[in-house]
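First to last, the sequence lines map onto chains A and B.
Under numbering that gives the first Met the number 0, think of the first position of the first sequence as 0, with each following residue one higher.
Under numbering that gives the first Met the number 0, think of the first position of the second sequence as 0, with each following residue one higher.
Simulated from the structure, these hints should not be mistaken for laboratory data.
There could be a bad hint or two in this list.
Since the list gives no way to pick one copy over another, a pair counts as held whenever it fits inside one copy or between any two copies.
[Said to hold, decoys possible] Cut-off 30 Å, straight-line C-alpha distance, at most; resulting in silico cross-link-like pairs (DSBU-like, lysine-lysine):
1. 142 <-> 264
2. 281 <-> 489
3. 264 <-> 347
4. 43 <-> 347
5. 37 <-> 57
6. 397 <-> 489
7. 264 <-> 287
8. 142 <-> 397
9. 94 <-> 454
10. 101 <-> 489
11. 281 <-> 264
12. 109 <-> 489
13. 142 <-> 287
14. 88 <-> 388
15. 92 <-> 412
16. 454 <-> 37
17. 264 <-> 397
18. 264 <-> 41
19. 454 <-> 142
20. 388 <-> 57
21. 397 <-> 347
22. 438 <-> 43
23. 489 <-> 41
24. 43 <-> 388
Here is how the chains run, residue by residue.
There are 2 protein chains.
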Amino acid sequence: MINMYNSGLSIVRYLAKSNIIVQGRYASQALPQLSSEKYDVKRKNFGTVQAADINYFKSILSEQRVVTDESDVLPFNIDWIKNCRGQSKVVLKPKTTEEVSKILAYCNEKRLAVCPQGGNTGLVGGSVPVFDEIVLSFMLMNKIISLDEISGALVCEAGCILENVDNYVRNHNLIMPLDLGAKGTCHVGGNVSTNAGGLRLLRYGNLHGSLLGIEAVKADGTVIDCLRSLKKDNTGYHLKHLFVGSEGTLGIVTKLAIHCPVLPKAVTLGFFGVENFDNVLKLYRSAKASLGEILSAFEMADREAITSTSKNLKLPNPLSEYPFYVLLETHGSDEEHDADKLNRFLNKEMDSGLILDGTVTSEPAKMQTIWNLRESIAGAGLLDGYIFKYDVSIPIVKYYDLVPLLRQRLGSKATRVYGYGHIGDGNIHINVTVPEYNKEVSSLLEPFIFEEVSKLQGSVSAEHGIGFRKPQYIHYSKDRSALGLMRDLKTLMDPNGILNPYKVLPDDV
Amino acid sequence: MINMYNSGLSIVRYLAKSNIIVQGRYASQALPQLSSEKYDVKRKNFGTVQAADINYFKSILSEQRVVTDESDVLPFNIDWIKNCRGQSKVVLKPKTTEEVSKILAYCNEKRLAVCPQGGNTGLVGGSVPVFDEIVLSFMLMNKIISLDEISGALVCEAGCILENVDNYVRNHNLIMPLDLGAKGTCHVGGNVSTNAGGLRLLRYGNLHGSLLGIEAVKADGTVIDCLRSLKKDNTGYHLKHLFVGSEGTLGIVTKLAIHCPVLPKAVTLGFFGVENFDNVLKLYRSAKASLGEILSAFEMADREAITSTSKNLKLPNPLSEYPFYVLLETHGSDEEHDADKLNRFLNKEMDSGLILDGTVTSEPAKMQTIWNLRESIAGAGLLDGYIFKYDVSIPIVKYYDLVPLLRQRLGSKATRVYGYGHIGDGNIHINVTVPEYNKEVSSLLEPFIFEEVSKLQGSVSAEHGIGFRKPQYIHYSKDRSALGLMRDLKTLMDPNGILNPYKVLPDDV
Numbered sequence: 000m001i002n003m004y005n006s007g008l009s010i011v012r013y014l015a016k017s018n019i020i021v022q023g024r025y026a027s028q029a030l031p032q033l034s035s036e037k038y039d040v041k042r043k044n045f046g047t048v049q050a051a052d053i054n055y056f057k058s059i060l061s062e063q064r065v066v067t068d069e070s071d072v073l074p075f076n077i078d079w080i081k082n083c084r085g086q087s088k089v090v091l092k093p094k095t096t097e098e099v100s101k102i103l104a105y106c107n108e109k110r111l112a113v114c115p116q117g118g119n120t121g122l123v124g125g126s127v128p129v130f131d132e133i134v135l136s137f138m139l140m141n142k143i144i145s146l147d148e149i150s151g152a153l154v155c156e157a158g159c160i161l162e163n164v165d166n167y168v169r170n171h172n173l174i175m176p177l178d179l180g181a182k183g184t185c186h187v188g189g190n191v192s193t194n195a196g197g198l199r200l201l202r203y204g205n206l207h208g209s210l211l212g213i214e215a216v217k218a219d220g221t222v223i224d225c226l227r228s229l230k231k232d233n234t235g236y237h238l239k240h241l242f243v244g245s246e247g248t249l250g251i252v253t254k255l256a257i258h259c260p261v262l263p264k265a266v267t268l269g270f271f272g273v274e275n276f277d278n279v280l281k282l283y284r285s286a287k288a289s290l291g292e293i294l295s296a297f298e299m300a301d302r303e304a305i306t307s308t309s310k311n312l313k314l315p316n317p318l319s320e321y322p323f324y325v326l327l328e329t330h331g332s333d334e335e336h337d338a339d340k341l342n343r344f345l346n347k348e349m350d351s352g353l354i355l356d357g358t359v360t361s362e363p364a365k366m367q368t369i370w371n372l373r374e375s376i377a378g379a380g381l382l383d384g385y386i387f388k389y390d391v392s393i394p395i396v397k398y399y400d401l402v403p404l405l406r407q408r409l410g411s412k413a414t415r416v417y418g419y420g421h422i423g424d425g426n427i428h429i430n431v432t433v434p435e436y437n438k439e440v441s442s443l444l445e446p447f448i449f450e451e452v453s454k455l456q457g458s459v460s461a462e463h464g465i466g467f468r469k470p471q472y473i474h475y476s477k478d479r480s481a482l483g484l485m486r487d488l489k490t491l492m493d494p495n496g497i498l499n500p501y502k503v504l505p506d507d508v
Numbered sequence: 000m001i002n003m004y005n006s007g008l009s010i011v012r013y014l015a016k017s018n019i020i021v022q023g024r025y026a027s028q029a030l031p032q033l034s035s036e037k038y039d040v041k042r043k044n045f046g047t048v049q050a051a052d053i054n055y056f057k058s059i060l061s062e063q064r065v066v067t068d069e070s071d072v073l074p075f076n077i078d079w080i081k082n083c084r085g086q087s088k089v090v091l092k093p094k095t096t097e098e099v100s101k102i103l104a105y106c107n108e109k110r111l112a113v114c115p116q117g118g119n120t121g122l123v124g125g126s127v128p129v130f131d132e133i134v135l136s137f138m139l140m141n142k143i144i145s146l147d148e149i150s151g152a153l154v155c156e157a158g159c160i161l162e163n164v165d166n167y168v169r170n171h172n173l174i175m176p177l178d179l180g181a182k183g184t185c186h187v188g189g190n191v192s193t194n195a196g197g198l199r200l201l202r203y204g205n206l207h208g209s210l211l212g213i214e215a216v217k218a219d220g221t222v223i224d225c226l227r228s229l230k231k232d233n234t235g236y237h238l239k240h241l242f243v244g245s246e247g248t249l250g251i252v253t254k255l256a257i258h259c260p261v262l263p264k265a266v267t268l269g270f271f272g273v274e275n276f277d278n279v280l281k282l283y284r285s286a287k288a289s290l291g292e293i294l295s296a297f298e299m300a301d302r303e304a305i306t307s308t309s310k311n312l313k314l315p316n317p318l319s320e321y322p323f324y325v326l327l328e329t330h331g332s333d334e335e336h337d338a339d340k341l342n343r344f345l346n347k348e349m350d351s352g353l354i355l356d357g358t359v360t361s362e363p364a365k366m367q368t369i370w371n372l373r374e375s376i377a378g379a380g381l382l383d384g385y386i387f388k389y390d391v392s393i394p395i396v397k398y399y400d401l402v403p404l405l406r407q408r409l410g411s412k413a414t415r416v417y418g419y420g421h422i423g424d425g426n427i428h429i430n431v432t433v434p435e436y437n438k439e440v441s442s443l444l445e446p447f448i449f450e451e452v453s454k455l456q457g458s459v460s461a462e463h464g465i466g467f468r469k470p471q472y473i474h475y476s477k478d479r480s481a482l483g484l485m486r487d488l489k490t491l492m493d494p495n496g497i498l499n500p501y502k503v504l505p506d507d508v
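Pulled out of the complex, with its shape left as it was, chain A reads as follows:
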């Protein structure tokens, strides 16, 4: 039976936001192993930062914005899932595009490698150095430049935190077209560089569609100014897309213009228990047909994902235990119409048995509590010890096949295996938790999981990117001709290979 949600759960903020949790644990735990040792990587033939280089950087940025103290540099060397650790000795914090340009021109000249870093919420080690790359942090490039309220065009610097920008545009009756668990920490420049997807791609589309303009700096310091904020501009090659999803290896995003849709006047959330995956799929088809243009998210999580998150983080689950859970959200302009559509859908699917139980709410605090449970899945497994995280796209009818397959393959070697994600986008996240990093489990998982995804014509990285962790698996989703063109583009744009080395491109291409 459906009840309007009425418990008094407290709001727990996104775990992904709380790098504090991760960073707080360094003191009591061993540091993650060095990436170079853990993954047996050889340093490439770059220059090494010298005192004279540091002095040059200080001359551009001032003393305070050149960080060299080892303990201050440490957090920039470690990714938030504690999987990777680099060995950088220096973090630079530019405030302007001109400073970024000067730094890159100098590094290119001296063959010094650079690792751009936004909010450092990446999950494939793309945002931390591997060896002694200079970290270029965008935390001080965080200004909102302009907002056109009629067209919805926002222009801002790359280091703005997504949630801050979203709050800003909400005050002008607009929303950011993307939302993700890490929004309290991640930078919009990082979102663009990694082509972040997130929770509402189903409704508002991807960044290639939303991005209006970009300013980026090439490896040699050349500033590419494509920062127009027009919705239509067919004047020559659409250069901005080179910087979307190339993870800082072709150039570094410094500013962006993005289209913000109208803030919905009515938002409603449903959280449902479902008997099996087949019914989850049927429910998705039904929601698409019944809710049409107001459907803004359709997420699923299996029992293990929800119950372990609830247990590990002491977050209450508003429903009892079900094999599958569906979180459905609507964004609309008329509360009554939306409620009407949703009620019709609910009545139909309660009668049909696709929905076993559920809760529906429009109260912001209660919606936040349910979203929080969903979004906390990503990090909750950390408390089991170590997480192997996979983020794959699979044609929708086979969406959940890999989870039972992995459970069978790993048996008692894994603490948990669970799946959750954005079913409307065919994007499932599969997490495998173990007490600590374990080579045997790793070798049972990889490349097995990528081979299976490839057989299903899926993507071995749906939204997290390739980063440091996946270049050797990219060929499962990109053929030789595409990899050859990637290499050609890299050579064209960054001939010395100083931008985010050891990332994205496999060595053998």
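Use these hints to put chain B onto chain A, whose structure you have.
For chain B alone, kept in the frame of chain A given last:
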């Protein structure tokens, strides 16, 4: 006063579809002047097609698919606004990607220039040869390959006609995410290559967002296979965007995968008379707020655009004369809810005086009649003799400024000057008609209009592209660094410059 639309107008199909009109006029009119003479262009140092080349092409394609008869080749040499005429001697009609690959590898080897051609509905001379480039027509690559009804992913060949594909997916409760006046003739491969925008970009977004995958052939014949049909795939560089909007100069699109949204259950059209442009803008803001997620198009046309189209093509105008007209469309999943929202909007804006008079209809034939009037504006001016057509983006508050400015500048030298377009996208089409092509009017228009657009931070080509006609004006919208990167990409992808030469890139970059 608003009346539900009830006249019995007959449906006239899109003029843009009727190449027949244009082609039918060759007999009674002089052929358009050769582009090379009209615009004083020098032939580049390409090879000339020899009998041996023709024999080679026949060996790949068979005799019938190598067209060399002068009168059969003629229509492929002329664009539909009769502005450009090339001098090609041969048209090739491949049926497979492999054939395209073989043709390009051969042409690249022999330095033979190639002009890819889809439906030949372009407005900037990009789809016709300038000298003796080999025309590569996609008219026989017109197969639909697959459709996933749950995810909405359609895969098809580049030469499919947009309207045919749209009809196909409509039978499966989906629609194509783009629609334009030329849909009965244009090819989806051409749409992608030119990043076509059209009538419903406001609702369904642009092709960079909708395109899921692409197969394209590079100048050297290498097939780049990025034809996955996943909504999320962050495995390396997002190569497909290189081919979107680069107008066949970086590679030739042979297949594509595109995301089709759900077919709306309810469609309603409103056609309104408005007092002045300021009120058009106010009405747009109000529609965005009131109609939110169901707003699918918001188009404007000035009095001259509507009355001259109505007169030239004998199409009835359902309203009397007003200074401005607005066409507003909704796509929704519930007819009652949509009517409710629209009525509320109408009552409010009739009371406020923003809408002076209008008509609202949900009957397909009547909606078609109104759309037909709007879509016919593009071609109706041909009957005045010759049209200068401009397609620019301008920040929305200045959207209409150029039209009165041009009227004043041209005075009686122009038959008519009118503006119409996609106000929701900041994209206005400005047409200037004259009895015949006239250098004085041309020099009063260009570069003046581009300078004005540049001052307003607009785009000198919003959706029509650069093609043959605008390379010399591209610098008004692209700075030197961006043009330099365009040139680098061209050299990388097509070092011999055989793909669609004389187009897009200015010579002096």
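Evaluated hints:
Proximity of residue 142 to residue 264 under the C-alpha cut-off of 30 Å is restricted to the intra-copy arrangement: shortest distance 27 Å within a copy versus 43 Å between copies. When the C-alpha separation of residue 281 and residue 489 is checked against a cutoff of 30 Å, the pair qualifies neither within a copy, at 43 Å, nor between copies, at 47 Å. Proximity of residue 264 and residue 347 under a CA criterion of 30 Å is satisfied in both settings, with 25 Å inside one chain copy and 18 Å between copies. Taking CA atoms no more than 30 Å apart as the test, residue 43 paired with residue 347 passes in neither setting, with 61 Å inside one copy and 67 Å between copies.
For the homomeric pair residue 37 and residue 57, neither the shortest alpha-carbon distance inside one copy (33 Å) nor that between copies (58 Å) is at most 30 Å. When the C-alpha separation of residue 397 and residue 489 is checked against a cutoff of 30 Å, the pair qualifies neither within a copy, at 34 Å, nor between copies, at 40 Å. Taking identical chains as interchangeable, the C-alpha atoms of residue 264 and residue 287 lie at most 30 Å apart whether they share a chain (20 Å) or sit on different chains (12 Å). In this assembly of identical chains, the alpha carbons of residue 142 and residue 397 lie at most 30 Å apart only when taken from different copies (26 Å versus 43 Å within one copy).
In this assembly of identical chains, residue 94 and residue 454 lie within 30 Å of each other by CA distance solely across copies; the values are 28 Å between and 46 Å within a copy. Within a single copy, residue 101 and residue 489 get their C-alpha atoms as close as 21 Å, and across copies as close as 27 Å, so both meet the 30 Å cut-off. Within a single copy, residue 281 and residue 264 get their C-alpha atoms as close as 28 Å, and across copies as close as 20 Å, so both meet the 30 Å cut-off. When the C-alpha separation of residue 109 and residue 489 is checked against a cutoff of 30 Å, the pair qualifies both within a copy, at 19 Å, and between copies, at 28 Å.
In this assembly of identical chains, residue 142 and residue 287 lie within 30 Å of each other by CA distance solely across copies; the values are 28 Å between and 38 Å within a copy. For a Cα distance limit of 30 Å, the shortest separation of residue 88 from residue 388 inside one copy, 29 Å, qualifies, whereas the shortest one across copies, 58 Å, does not. In the homo-oligomer, the alpha carbons of residue 92 and residue 412 never lie at most 30 Å apart, since the shortest distance is 43 Å inside one protomer and 59 Å across protomers. In this assembly of identical chains, the alpha carbons of residue 454 and residue 37 lie at most 30 Å apart only when taken from the same copy (29 Å versus 55 Å across copies).
In this assembly of identical chains, residue 264 and residue 397 lie within 30 Å of each other by CA distance solely across copies; the values are 29 Å between and 36 Å within a copy. Taking the shortest alpha-carbon separations for residue 264 and residue 41, neither the intra-copy value of 54 Å nor the inter-copy value of 59 Å comes in at or below 30 Å. Taking CA atoms no more than 30 Å apart as the test, residue 454 paired with residue 142 passes between copies only; the shortest distance there is 25 Å, against 45 Å inside one copy. Taking the shortest alpha-carbon separations for residue 388 and residue 57, neither the intra-copy value of 39 Å nor the inter-copy value of 54 Å comes in at or below 30 Å.
Proximity of residue 397 to residue 347 under the C-alpha cut-off of 30 Å is restricted to the intra-copy arrangement: shortest distance 26 Å within a copy versus 49 Å between copies. Proximity of residue 438 and residue 43 under a CA criterion of 30 Å is satisfied intra-copy only: 26 Å inside one chain copy versus 61 Å between copies. Taking the shortest alpha-carbon separations for residue 489 and residue 41, only the intra-copy value of 20 Å comes in at or below 30 Å, while the best inter-copy value is 34 Å. For the homomeric pair residue 43 and residue 388, the shortest alpha-carbon distance inside one copy (28 Å) is at most 30 Å, but the shortest distance between copies (54 Å) is not.
Consistency with the previously given hints fails for numbers 2, 4, 5, 6, 15, 18, 20, ordered from lowest to highest.
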